[in-house]
Amino acid sequence: MDDFEERLRRLSLEAPGADLDRRIEGILRNATGRPSRPPRSVPLWLTAVVGIVCGFVGAGLGRVSLPPTVEPAPTTLKIETVHAYPVPNPFDWSGDTATGPQGIQAAIVTVEVTPWPPATADTSKEGLSL
Amino acid sequence: MQTEATEELRRFYETHRQELFTYALALTRCQSGAEDAVHTAFSHVLERGRMPRDLRPYLFRCVRNAAIDGQRIASREQSNTSLFNGRQSDGVDLQFRLEMEELLVRLPNAEREVIVLKLYSGLTFREIARVQRIPQGTAASLYRRGIDKLRAGQEGGKHGRL
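So the protein lines, in turn, are chains A and B.
For the first sequence, numbering that gives the first Met the number 0 gives the first residue as 0, with consecutive numbering after it.
For the second sequence, numbering that gives the first Met the number 0 gives the first residue as 0, with consecutive numbering after it.
Some hints here could point you the wrong way.
Stated by the list, open to error - Distance windows between CB atoms, simulated:
| id | chain 1 | residue 1 | chain 2 | residue 2 | range |
| --- | --- | --- | --- | --- | --- |
| 1 | B | R16 | A | L45 | 38 to 46 angstroms |
| 2 | B | A109 | A | E5 | 21 to 29 angstroms |
| 3 | B | G48 | A | A58 | 32 to 40 angstroms |
| 4 | B | V104 | A | D18 | 24 to 32 angstroms |
| 5 | A | G50 | B | E7 | 27 to 35 angstroms |
| 6 | B | E7 | A | A17 | 18 to 26 angstroms |
| 7 | A | G50 | B | S140 | 24 to 32 angstroms |
| 8 | B | R144 | A | D2 | 17 to 25 angstroms |
| 9 | A | P42 | B | D147 | 47 to 55 angstroms |
In case anyone wonders, no lab produced these hints; they're calculated from the structure.
In this text, all values refer to a predicted model and were calculated from it rather than measured experimentally.
Cβ coordinates follow ideal geometry from the N, Cα and C atoms, glycine included.
Pulled out of the complex, with its shape left as it was, chain A reads as follows:
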């Protein structure tokens, strides 16, 4: 600290009023008279340890849980598509309709989805092909 700082530091400061002292004394006195909170019955470290142990136990139980014994029915997804074209006049041979009249076309796609749990063979790398 140089001379300038020392001179600045030595300037006399405005003092707080007596009112502040009374107010602080008042709240301190009230705090002394107020019943203090009871000490914590269970230590914080014990609470943390029990929490961690419960977490490990829960994770372990989740891992050893058995798969369902009754196999659910396979899920079947059916997609039906119908293309309807206007039926030409079967007696009209004047146009360029050498192939003859066309009827209603319908397609039904059936997809069977393997239910959970998956089969033992690793099919994860196989692509879905219809």
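Please build the complex by placing chain B on the supplied structure of chain A, with the hints as guidance.
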């Protein structure tokens, strides 16, 4: 709060009341606002129920928060109460005090705050950094920059630029 803790708080107030008040006054520039800030800070520690690990920076931080909140809520009129007590100044100090008053007001808030905490509250740069939540190096550079501006302003007289 337990009696020992309350007694510790009382001793702290008796020892540091001037420093806390000066800091609050530098923030609020208002006598009643500064007293409110100190009172609010102590009330907060008492309501907390347990003593903080490092009481000094914690209480200064509380004073800072209370002063800023108080100004925001009450929007007090700027009374421009000086940090310095004019009644105890002799002739030489009077001129210096008036210059410093004027120059301190013109400093940026952060620099003025660090100077007050360092010179008049006696906090270390580490404690100032904790109060203001800034790096320690920043606190030191703010102090140095502020002091340089005050010195330059004083040497340049009334025409000194900050």
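We went through each hint and held it up to the structure:
| no. | hint | result |
| --- | --- | --- |
| 1 | B:R16 <-> A:L45: 38 to 46 angstroms | 41 angstroms, holds |
| 2 | B:A109 <-> A:E5: 21 to 29 angstroms | 23 angstroms, holds |
| 3 | B:G48 <-> A:A58: 32 to 40 angstroms | 36 angstroms, holds |
| 4 | B:V104 <-> A:D18: 24 to 32 angstroms | 25 angstroms, holds |
| 5 | A:G50 <-> B:E7: 27 to 35 angstroms | 33 angstroms, holds |
| 6 | B:E7 <-> A:A17: 18 to 26 angstroms | 23 angstroms, holds |
| 7 | A:G50 <-> B:S140: 24 to 32 angstroms | 45 angstroms, violated |
| 8 | B:R144 <-> A:D2: 17 to 25 angstroms | 19 angstroms, holds |
| 9 | A:P42 <-> B:D147: 47 to 55 angstroms | 52 angstroms, holds |
The structure fails hint 7 only (numbered hints given earlier).
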